[in-house]
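Undergrad: Protein sequence lines correspond, in order, to chains A and B. Counting from 1, one number per residue, gives the positions in the first sequence under UniProt numbering. Counting from 1, one number per residue, gives the positions in the second sequence under UniProt numbering.
Since the hints were made in silico from the structure, they are not lab data. In this text the structure is predicted, and so the values were computed from the model without any measurement. Even glycine gets a Cβ: it sits at the ideal position worked out from N, Cα and C. A couple of the hints might just be wrong.
Label-pair distances were calculated between CB atoms; the ranges are [said to hold, decoys possible]:
(1) 132(A) with 513(B): 41 to 47 Å
(2) 484(B) with 143(A): 56 to 62 Å
(3) 24(A) with 410(B): 39 to 45 Å
(4) 120(A) with 160(B): 54 to 60 Å
(5) 120(B) with 23(A): 35 to 41 Å
(6) 465(B) with 23(A): 55 to 61 Å
(7) 137(A) with 205(B): 36 to 42 Å
(8) 24(A) with 411(B): 33 to 39 Å
(9) 143(A) with 304(B): 33 to 39 Å
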Amino acid sequence: MAGAHVRIDNRLIHGQVTVAWTRRLGVRRLLVCNDDVAADDLQRALLPQAARGLPTEVLTVADTLTAETGPDLMIVAKDPEDAFRLVEGGLHPGIVNVGNVAPRPGTTYTMVTRSIAVTADEADAYRKLAATGVPLVTQLMPHDKPADFLPLLDRKGL
Amino acid sequence: MALTLWAIYCTYDGLGPFLIYAQRPLIAGSIAGLIVGHPLLGLLVGATLELASLGVYTYGGATIPDYQTGAIVGTALAAGAAGDTSAQAAIGIGVGLPAAILLAALDPVGKIVTTALVQRADGYAADGNARGLAMIHWVSLVPWVAVRAIPTFLAALAASGGLVKDITASIPAGFVHGMTLAGSLLPAVGFALLLGMMELSRYWYLLLIGFVAFAYLHVPLLGIALIGVAVAMLFVTLKRDEPVIGVPESPTEESTVDARLTKQDLRRVFRRYFWSSQISWNYERMQALGFAYSMEPVLRRLYPEKADYVAGLQRHLQFFNTSVLVGGPLILGSSVALEEAGTPKSAASTKVALMGPMAGIGDTLVFALYNSIVFTMGASWALQGNWLGPAFAAVMVLVPYALVRRWQFGFAYREGKRLAGHLAAGALARVAQGATVLGFVVLGGFIPSIVKVVTTLTYRQATTVQGQPVTQAVAIQDRLDELVPFLLPVLVTAAVYLLTAKARLRPVWTIGIVVVAGVVLGWLGWFAPSAPAKS
């Protein structure tokens, strides 16, 4: 498949994505990729309204793999497992950017950066994703300096 | 001491009730001026910093210059400076602006503390300990206040000595002139940042309406705002026939709802949110602790079993971030209704679905549009030494925001799950578009009226007077005015816009460039805020 920008962000569509990143990358379309979100009528109806006019789809992982991609598309994956399934299914992003992963109370997590919480399961998923050869970085905002993601996991002993 | 208390109040007001939006420099500086006995100075410093900061708002909690503290500190120190009020104002801006930028470094310190605190809140929630949760929430206000009140205290201390007067007496007049010009150019930064937040390529032509109204028809700003409202209504009504997205309603679900909450329960929830929504903002969960604290009375009432109560607290301690003035109360009311309806999963799902759209629309309505219009008008009056400026701004935020928040909460609670249907049907998009149109028209009038710059340069022109060859000086500004009135303010704003939106310079660097350019050009005497009186 042709490439697309892929961002892992469980906040899905919000100001950082719609204002900062879409301009920096020349994005004209957004795609939220997650099976649960795609099955939720409310989120499927409301998320496009957060996109400030950009055409936005909310699809399952399987549907995303059959959708038209391209350099003007940004795919927002909710978690690293979804991103891995996309790559395993044939998507070839030039880079995968981990943006925000907010912690869920009641789970055991470690804050890897200010905005990224990682559980043990998620750490495994990130490593699986990186093993596919796709560069995995974290860069919250365009003016931040990108950092390799795996060393951050190593540093926290995950 | 009074200044320190004022700094404490400003910080609290900007995280909790937003009664008078005291965190904005127009309000913070004006009251600081009263406190130190230099009311006009406070107006001028506060208004100038206000206009420089129009487009500077936090996205996702990003650190921005601390204009509140900058305005207070700048006013306090300038009050002890040598010279008349306009010279003091230039010094106040010269101090307040770098102070705002440098003090931003303390902001993450405060947020790191609140982030550490929220992890302890998880422990209290797991135990069902509401008192502990509330304590963490309110204690989180302390680091926010500390990083702003301490610098204010130190500045007030420095100002009370005679040192400030001695230092400022030796500042060359050229620098004061330069800083005055820089102050009048800074609004271009605010306007350029606003344009960068809005869809300029789609609506640029609306700027012309406001510009023509001001530059050629001499319509006052309030008149231009009314024109903007009319144009916005035209845009919205002409597009009313767009197809709507249908969200299936659940009439059977409605009939099963019976009221289990009292009016007092609802008032307690709203009151908690109103007075403290963001005082425990932190990097991990952002507004979640404030939301959970607000929901707690309802969860207590609905879930007598401890396990259910604990699950409810944990459900609402999930990450949450949205606009607290337009959006947050809506989501709160909806969550209360859905918890009461016995559909906690819907409550969680609706929160997740709504916080993104409401953040985008709420922030646009509040920051990019309403606040910018209100505070720009207030600041333009304040720059004339008119106390109507801060008073107007304070009233225009106090009344509408209190009413709008209360209405949102009540409306969302009554609508329950149907709320999402209303929003999905396009109400959000229509409101956002109308507000954007209004913003563009008004901005078109603001740029020429508030960015003040003229050139004092002249060129020699040979001509004949009564048959005799004569060389006379011709003011370049007169020629520019014949071409297009207010051309320089427009060009300055356009240049700053290109720096930020195209060259992607960070706001702090852009401000630095504008200040340096202003000081240099003003010092040289080539440009000034306004034309010298013609003899």
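Undergrad: Determine which of the earlier numbered hints do not hold for this structure and return their numbers in increasing order.
TA: Violated hints: 2 and 9; rest satisfied.
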